[in-house]
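Trainee: Once you've looked at the hints, dock chains B and C against the given chain A.
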Amino acid sequence: MTRRSLLASAALLFTATGAGARVVTKVLPWRPNEAYPVTPVAPDGYLFFTAQEAAVVDAFVERLIPTDDLGAGAKDAGVTTFIDRQLTGPYGGHDWLYMQGPFSSTPLPSQGLQSPLTPRQQYRQGLAALEAYCTKTFAGRGFVQLNAEEQDKLIAGMEKGEVKFEGFSSTMLFNAVYGNTMEGYFADPIYGGNRDMVGWKLVGFPGARYDYRDVMEKPNQAYALPPVGMQGRPAWGER
Amino acid sequence: MTSARSRWIARLSYAVGLLPLIAAGGAVADSDNYVEVSRGKALATAGDCVACHTAKGGAPFAGGLALQTPFGAIMTPNITPDNATGIGSWSADDFAHAMHDGRRPGGTYLYPAFPYPYYTKVTRTDIDAIYTYLRSLDPVSNSVSRNTLPFPFNIRLSMSGWNTLFFTPGTFAPDPKRSAEFNRGAYLIEGLGHCGACHTPFNAFGANKADRYLQGNQIDSWTAPNITNDMQSGLGKWSVDDVVAYLKTGQTGTTLASGPMKDVIENSTSKIPDADLKAIAVYLKERGAAGSSPPAPLPASDHQMQVGEAIFVDTCSACHTRTGAGIEHIFPKLAANVIATQDDPASLIRIIIAGGRAAATDARPTSPAMPSLGYRLSDDQVAAVVTYVRNSWGNAASPVSADTVKALRARVTGAAGD
Amino acid sequence: MARRLPRKDVVIVGLGWTGSILAYELSRTGLEVVAIERGPWRDTATDFNIGTAPDELRYAVRHDVFLRPRQETLTMRNSPSQTALPIRKWGSFLPGNGVGGAGVHWNGQTWRFLPDDFRIRSHMIQRYGGGILPEGNFIQDWPVSYDELEPYYDKFEYVAGISGKAGNIKGQIQAGGNPFEGARSREYPTPPIKQGYSQELFTKAATNMGLHPFPRPSGTLSVAYTNPYGCTMAPCTYCGFCERFGCANYSKSSPQTCVLPALVREPTFEARTECEVTKVNLSADGKMATGVTYVDASGEEWEQPADLVLVCAYSLFNVRLLLLSGIGKPYDPASGEGTVGRNYAYQTGTGSTAFFEDAKFNPFAATGSLGMVIDDYNGDNFDHGPHGFVGGAYINNAYTNGRPILYHPTPRGTPNWGSTWKKAVRETYQRITNIGAQGSVMSYRNNYLDLDPTYKDPLGRPLMRMTFDYQDNERKMANWMADRCDEIAKAMGAKTTQVNRLVGPWSVVPYQTTHNTGGAIMGSDPKTSALNRYLQSWDVSNVFVMGASAFPQNAGYNPTGTVGALTYWGLDAIFKYLKSPAPLVQR
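Those protein sequence lines, which keep their order, are chains A, B and C. Start counting at 1 in the first sequence, then tack on 1, and there's your number in my numbering. Start counting at 1 in the second sequence, then tack on 225, and there's your number in my numbering. Start counting at 1 in the third sequence, then tack on 4, and there's your number in my numbering.
This is chain A alone, in the form it adopts within the complex (with noise of 0.2 angstroms):
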């Protein structure tokens, strides 16, 4: 409490016309240290993988984007954690899309997703499915166990949907882990991917910066800072 006049504030006003309604009215609402950050992940092991299945995905997005000599791939850059922490959050459930059914299972191209996997269950059933078919095909030879080649030529074949999978559409999960490795490889380092920028610096993406009026006065010239993200970049110093 303070000795200002705190008249003015109507945040939260629980009044007659309805206990469930925020209403403003007057001023403005603000409250001091009012924001909404993320919780940043901190990379220590896995919340929804087991280890096993963490390393295929580790095996898998390596061979989307693989480390050479243009720097980090997505293992390296942290894909599996960020994949691993999206799936425990909402995005992970579905959570904010419409999942009422019935559920078609003759859906038109045109009318997009359908399906009443969630990513959760994706993951969990079609990396069992992959384990399933690869140890059937490559003569007890888990993913992770295949060479590179193989890896590539199996992974092609799931996006090309020429893979017949157990009980589960290897399209899907190819499009899952496709999916979550470019987001995750160039999403803020805050979500536990792209790990020192490094999908940021493939392409020469500067990041969470917020004013450009240099570079709109100066065309066509290459841009000099390094990338920045939201929880800053090593000029900041230490946290």
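Calculated from the structure, these hints are not laboratory results. Since the structure is predicted, the reported quantities are computational estimates derived from the model, not experimental observations. Warning: the hint list may mix true and false statements.
Here are the computed distance ranges between Cβ atoms for each label pair [as the list claims (entries may be wrong)]:
1. VAL145(A) / PRO415(C): 29 to 37 angstroms
2. ASN308(B) / GLU307(C): 48 to 56 angstroms
3. PRO44(C) / LYS631(B): 30 to 38 angstroms
4. LYS208(C) / SER626(B): 52 to 60 angstroms
5. SER302(C) / GLY282(B): 16 to 24 angstroms
6. ASN308(B) / PRO44(C): 44 to 52 angstroms
7. VAL507(C) / SER105(A): 47 to 55 angstroms
8. LYS165(A) / GLY464(C): 54 to 62 angstroms
9. ALA586(C) / SER105(A): 44 to 52 angstroms
10. PRO415(C) / SER105(A): 29 to 37 angstroms
Partner residues aside, some chain C positions facing chain A, computed with beta carbon under 8 angstroms [unchecked claim]:
11. ASP47
12. GLY55
13. THR56
14. MET80
15. TYR581
All C-beta atoms in this analysis are idealised placements derived from N, C-alpha and C, irrespective of residue type, glycine included.
Mentor: Chains B and C in isolation, oriented as in the chain A frame:
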């Protein structure tokens, strides 16, 4: 409470802006009660009584706000004319005794959290008008505890000693060597405005240091800046018009009021007639300059400056611009803005951590808000960027340590209200 | 059982652009106005905090500020013979939610329709004969003219602070502006924003081709500006986190920056957020609205009586609310009868992607409205005779962002992953630009909205069903435009180009535009429109419906400028109505 009375008071609101605030030399209190009440309302607005005498979400003037002092919390009393819980039984003399001498009917002492050392300067005529206005309010029953300070501060008799050391009663005496306008401004600021209560440093006993009057202070973890005419740290670079604009609209082109001053502007100074705002500005500009001289600015190669620059470029420049120029009427200028280079950096630190909302007036309703960034920046990082702002673009001021930030952060996070 | 609240003069459903403007203009006259918004309050420094705003995953990919499909979505199908299925995840369009509505996360592209757009039917027949009109079309002349709306376009542009260059002031063509635009009474309130290197190339190429490039009118402002409501905005910093995001530094036109600060100070105004209006209540004879019923965040039901109901819930949700409230007769394509749900339209998008040998386009330095445009192929600005289609498009070269999760282009044929992909992504990012055509969509008998028979929202009410596909007319037009884009792309000096055509049925999956128009259209004939020319319901005279749901068909422009103009136009009519409550047009 009759609706007729409410309508009557509502009509008064229109009259307030038209009447002179002060019964200027020689004017006798008009026997017409309507005029007196509206004059009293204007004076109460200048004194910003409502700010302290209203609890959060409570009825205006019914008291119950907890004022945090270094000695504990003091609850402001109910000054509506309720007989049992307010000042309904007080005479005009009783009210004048409180305002002039800091005493209640019966002689008990008031604490100077109620700024009677300033209100003592208000003329009896004006005090009577305020009294008349307060008595025109609807009585509100709200019982406020008067005994909230811990021992030994709850012994009010000790205020007798405090008053002896730090309080000189007496109404305002105009200085014949100064213009009428200056004197009017002096009367307003030194009396009802009680600006010195925030803008003057305290001694250990919670009294304002008279020899450092208006030279700035930290209050509620905000910096009340130096408002003498000092060029380095006060209003030296402001014109009279700037001061008037600031008090009236909450901003000049380059500075926006936030924090405690925001409330003062919204509740009080934005409703004071223009002529009186000008008088206040003239007083502040002509009274004299006093302030500490700035240190040499930190070089850009200093480690804190380097870190601070990186943070500033990456996140602050999108509003305050790369050169600290700000944007007129929406983002404060940081370069050559004395707000940034006060001895005390509290405001800069807390506004980064907790955010802040600028004053909103009818003229300028946008009330742009500084986003809260306490979640994003560590103590070291806040210290670095504040140090950078204080020492760039011609600014020069003491650097800030992470420990200072840490202490302030503890005080401002989780605090209710701004 | 809904508990009844004290009566208000006006209840406004939805507090986006149209709701905010009407709320302010009405409450400042002393009317008791309550706006009921189902989403949360949103404010710049808290919700678009500069430390949290530039987050592509959260806002652009996971859709944090948009309406959550779980709360409400639509079902869709391409034709009446199919079964509609829910849009479980937004794609093609992204409806807003919360105070500010789509005005929070839009691009800021702000246009006026052409004068002939308002009389497209009679104009096309006059010039080309009736045979040019496509089969199954429901094209109507608007019941208002450009000239009537001109002062209201101006009003909206000045409230929003739009940055642009006028092309025609009172009949005088101005250099640097759009020579095809309808005459305006004065310049834009702020000058055009800066453009990038790619736009320089586009401008040179288009000029050399005899076309007329001009800067796109922008709701991302070029300079600081204080609008007629006293609200102040800051200049845009080209941050590239514009569309899908709230603006962190007060530089995008929105209800937050342009209206709410003044609105909230009006003593007779109240905003009630996190309350969903479920129904507009009608009198026993169905001829007058008595107010609305809404459900608050705790699930309690309330009745808010009012003398005037303004439906400002976004085009799609306006239509659904009318259907659920029984205002007007639902449209049935089989019989062709009914008014609510008909004339739904959308927007086409085609173009050419241009790859450059060497360039640093810096796509991340962008605003939602940045771009150079030619209008030479819009409306009837060119001879349609040889082409056999109706409608047109503006062609633009723009960057709105370079955010890499969704923007990491590679040439067609590049593998989607692996080291080859990595190399191509790296090499392409700075060297690629897009010439796009944003085109009109006519209205048709079989493109419409109605209530779905199967799927429901969490409150148990039927979802709305969208039946829509691009027709031959739109495909022809859009693909012709793609070729025009390609010509310009080549003239810009591109090493290679890739033409992007309209192929296949309209799909909900890839994002296109959130320009859903029609469904509760304004018209001259109560048999084929839901609203009269004053946006007043033909059926319930104390209900007015704002938004692009009023468009009889969509022109080759983003809708918001016209939505804003219609709001101010409707406002004048509302004042007339309040003086003497009655239907403003005789049926």
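Trainee: What hints, given by number in increasing order, does this structure fail?
Mentor: When the structure is compared with the hints, numbers 2, 7, 8, 15 turn out to be violated.
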